[in-house]
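Input sequences plus hints: build the corresponding full structure.
So the protein lines, in turn, are chains A and B. Under the working numbering, the first residue of the first sequence is numbered 1, with each subsequent residue one higher. Under the working numbering, the first residue of the second sequence is numbered 1, with each subsequent residue one higher.
Mixed in with the good hints there might be a few duds.
Heads up, the list lumps identical chains together, so a pair's fine if it works in one copy or across two of them.
Unchecked claim - Derived SDA-like pairs (lysine to any residue); straight-line CA-CA distance at most 25 Å:
id, residue 1, residue 2
1, Lys305, Glu271
2, Lys284, Arg236
3, Lys3, Glu105
4, Lys284, Lys305
5, Lys171, Ile269
6, Lys3, Lys128
7, Lys45, Leu78
8, Lys305, Ile269
What the hints contain is simulated information worked out from the structure, not anything from laboratory work.
2 protein chains.
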Amino acid sequence: MNKITETLLRIVSEYDGDFKGAFNIREDGLCAGRQSTDNIKIESKKDKPGLEIHIKPGTKGEKVFIPACVTRGNIDDLVYNDFFVGEGADVTIIAGCGVHSDDEEEARHNGIHRFFLEKGAHVLYTEKHVGTGAGTGAKRIDPVTEVNLAEDASLEMDTVQIRGVDSTVRKTTGTLAARAKLVVRERIMTDGYETAQTDFDVTLAGEDSGADLVSRSVARGHSHQIFNSCIRGENRCTGHSECDAILADEGTVSAAPALEASHVDAELIHEAAIGKIAGEQILKLRTLGLTEEEAEERIISGFLK
Amino acid sequence: MNKITETLLRIVSEYDGDFKGAFNIREDGLCAGRQSTDNIKIESKKDKPGLEIHIKPGTKGEKVFIPACVTRGNIDDLVYNDFFVGEGADVTIIAGCGVHSDDEEEARHNGIHRFFLEKGAHVLYTEKHVGTGAGTGAKRIDPVTEVNLAEDASLEMDTVQIRGVDSTVRKTTGTLAARAKLVVRERIMTDGYETAQTDFDVTLAGEDSGADLVSRSVARGHSHQIFNSCIRGENRCTGHSECDAILADEGTVSAAPALEASHVDAELIHEAAIGKIAGEQILKLRTLGLTEEEAEERIISGFLK
Numbered sequence: 001m002n003k004i005t006e007t008l009l010r011i012v013s014e015y016d017g018d019f020k021g022a023f024n025i026r027e028d029g030l031c032a033g034r035q036s037t038d039n040i041k042i043e044s045k046k047d048k049p050g051l052e053i054h055i056k057p058g059t060k061g062e063k064v065f066i067p068a069c070v071t072r073g074n075i076d077d078l079v080y081n082d083f084f085v086g087e088g089a090d091v092t093i094i095a096g097c098g099v100h101s102d103d104e105e106e107a108r109h110n111g112i113h114r115f116f117l118e119k120g121a122h123v124l125y126t127e128k129h130v131g132t133g134a135g136t137g138a139k140r141i142d143p144v145t146e147v148n149l150a151e152d153a154s155l156e157m158d159t160v161q162i163r164g165v166d167s168t169v170r171k172t173t174g175t176l177a178a179r180a181k182l183v184v185r186e187r188i189m190t191d192g193y194e195t196a197q198t199d200f201d202v203t204l205a206g207e208d209s210g211a212d213l214v215s216r217s218v219a220r221g222h223s224h225q226i227f228n229s230c231i232r233g234e235n236r237c238t239g240h241s242e243c244d245a246i247l248a249d250e251g252t253v254s255a256a257p258a259l260e261a262s263h264v265d266a267e268l269i270h271e272a273a274i275g276k277i278a279g280e281q282i283l284k285l286r287t288l289g290l291t292e293e294e295a296e297e298r299i300i301s302g303f304l305k
Numbered sequence: 001m002n003k004i005t006e007t008l009l010r011i012v013s014e015y016d017g018d019f020k021g022a023f024n025i026r027e028d029g030l031c032a033g034r035q036s037t038d039n040i041k042i043e044s045k046k047d048k049p050g051l052e053i054h055i056k057p058g059t060k061g062e063k064v065f066i067p068a069c070v071t072r073g074n075i076d077d078l079v080y081n082d083f084f085v086g087e088g089a090d091v092t093i094i095a096g097c098g099v100h101s102d103d104e105e106e107a108r109h110n111g112i113h114r115f116f117l118e119k120g121a122h123v124l125y126t127e128k129h130v131g132t133g134a135g136t137g138a139k140r141i142d143p144v145t146e147v148n149l150a151e152d153a154s155l156e157m158d159t160v161q162i163r164g165v166d167s168t169v170r171k172t173t174g175t176l177a178a179r180a181k182l183v184v185r186e187r188i189m190t191d192g193y194e195t196a197q198t199d200f201d202v203t204l205a206g207e208d209s210g211a212d213l214v215s216r217s218v219a220r221g222h223s224h225q226i227f228n229s230c231i232r233g234e235n236r237c238t239g240h241s242e243c244d245a246i247l248a249d250e251g252t253v254s255a256a257p258a259l260e261a262s263h264v265d266a267e268l269i270h271e272a273a274i275g276k277i278a279g280e281q282i283l284k285l286r287t288l289g290l291t292e293e294e295a296e297e298r299i300i301s302g303f304l305k
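Following this line, the structure appears as structure tokens:
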């Protein structure tokens with residue numbers, strides 16, 4: 001793999017010259033390294049670009065790394081990855097994405113991920129996105145995630161867009177069977193003229209299923225963010241969504257988190273708050289000796305942590 | 001006026017055989033009584049059905065009653081009422097609506113109200129909606145309200161749909177100048193196969209303008225309610241919307257309260273909660289000697305008060 005990929009891997013995944021576990025490294029649309037384990041098989045799809053990842057029932061404590069990097073302009077990488085997680089497995093999937101452009105051409109990664117968690121499986125899914133390089137070509141990352149949770153399965157998604165992604169549209173849909181749980185923690189930072197859109201659509205189909213979606217965002221410069229979510233309660237279930245956004249400079253944010261209760265025992269809640277950092281918070285940190293800029297940085301990094 | 005109108009007036013307005021203030025009674029699309037005062041002129045529109053209501057600058061403490069009743073099926077009443085409220089006036093406008101049908105034909109009232117509040121004017125606007133009669137014809141009330149608030153003007157809207165309205169679509173739009181305030185308290189009860197939709201769209205255009213929208217609803221039987229709101233912060237402003245819904249029987253509710261902050265000093269918040277009455281609340285009242293039904297009634301009436 002090339003030097004840029006190596007740098008991106010260190011930012012978006014736990015790469016330190018090596019991965020401890022199963023992995024597949026995608027570089028500019030091609031495979032730059034792959035390793036399966038006894039319990040986790042990674043194979044190329046036959047019909048289209050992408051992977052089939054099979055995790056054996058009962059697999060515990062293993063990690064799967066599937067970073068994808070785009071290291072130059074004029075690449076529009078589209079990949080379909082399917083994760084089949086066997087009954088009772090408990091694993092961590094690390095799916096960072098870095099997009100780099102030093103030229104005027106657009107660099108884009110569009111990862112379409114489908115998760116099929118069997119009964120009682122648990123997955124911690126982490127995803128870091130970053131754009132780098134001094135090129136004027138737009139750096140775009142457009143993830144599409146489809147979550148299918150069988151009875152008692154649970155998925156925790158911990159996603160973060162660090163910086164430098166000019167445009168992102170993030171679509172996540174989920175369908176939950178009885179007692180399944182989906183927890184999402186999303187943090188997005190935009191600056192300059194970047195735009196970010198998040199769409200969640202989660203259906204709580206099974207009895208006692210639950211979803212908890214929390215999105216935190218900071219819009220700086222002239223950036224614009226849009227947050228849409230819809231939680232559909234079709235059974236006895238609990239759903240919560242929260243969208244908190246900090247505005248700075250000329251940043252703007254729209255939030256539209258919908259709830260649809262079509263069952264009398266659905267309990268759905270949402271909250272959203274958009275605003276600047278409170279003046280007294282800045283003041284407090286300035287009395288401790290920080291400049292206004294340092295105080296703002298401190299507050300923002302705490303908010304996105 | 002007929003007996004049904006008289007009964008409806010007692011339910012939806014402060015009618016006790018008479019009105020204390022300016023009034024216009026609309027019955028089945030016609031005028032059944034009108035009175036202006038020195039400060040409040042009520043006149044028929046020249047170009048379409050409806051009224052022009054002019055309230056002189058500085059008018060204080062007066063009331064205007066503009067109830068509208070539909071007393072039989074096969075009436076589709078459409079009315080345009082414009083309220084011009086002079087600088088510094090402080091008045092109460094009472095706009096109840098009752099729709100009655102004893103037959104199989106639909107009875108509908110569609111009131112399109114526009115409010116133009118001059119600088120510093122304050123209006124308390126109350127509106128009660130009810131459907132009555134044993135007819136199978138659908139009873140519909142579809143109010144459209146357009147609010148224009150000049151600098152320092154404020155409008156408090158206190159609206160309630162008591163019962164018996166088969167279908168309602170309630171659209172309210174508002175544009176607020178500097179320091180103007182809009183406060184909305186909406187309460188809607190639906191039962192049977194009734195449907196109710198609320199759409200708010202409020203633009204906080206002026207510096208330090210503010211909106212506070214609170215909707216409480218109870219969906220019983222097989223009824224369905226939809227709550228949509230959008231608060232647009234285009235300046236330094238504060239916006240809050242809240243939608244709380246209680247589900248009973250097979251009632252269903254969707255809520256989609258959007259926020260759009262296009263100014264860095266816009267502070268926008270929303271909250272929504274949909275669910276059944278908590279079991280422990282019922283239990284508490286039952287230990288005080290109430291039946292389960294009585295306990296539920298008590299809680300719902302407190303919630304909608």
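Structure-based check of all given hints:
no.: 1; hint: Lys305 to Glu271; result: both (19 Å within a copy, 23 Å between copies)
no.: 2; hint: Lys284 to Arg236; result: between (45 Å within a copy, 23 Å between copies)
no.: 3; hint: Lys3 to Glu105; result: within (20 Å within a copy, 77 Å between copies)
no.: 4; hint: Lys284 to Lys305; result: within (20 Å within a copy, 41 Å between copies)
no.: 5; hint: Lys171 to Ile269; result: both (21 Å within a copy, 24 Å between copies)
no.: 6; hint: Lys3 to Lys128; result: within (19 Å within a copy, 70 Å between copies)
no.: 7; hint: Lys45 to Leu78; result: within (13 Å within a copy, 62 Å between copies)
no.: 8; hint: Lys305 to Ile269; result: both (23 Å within a copy, 22 Å between copies)
Violated hints are absent here; each numbered hint is respected by the structure.
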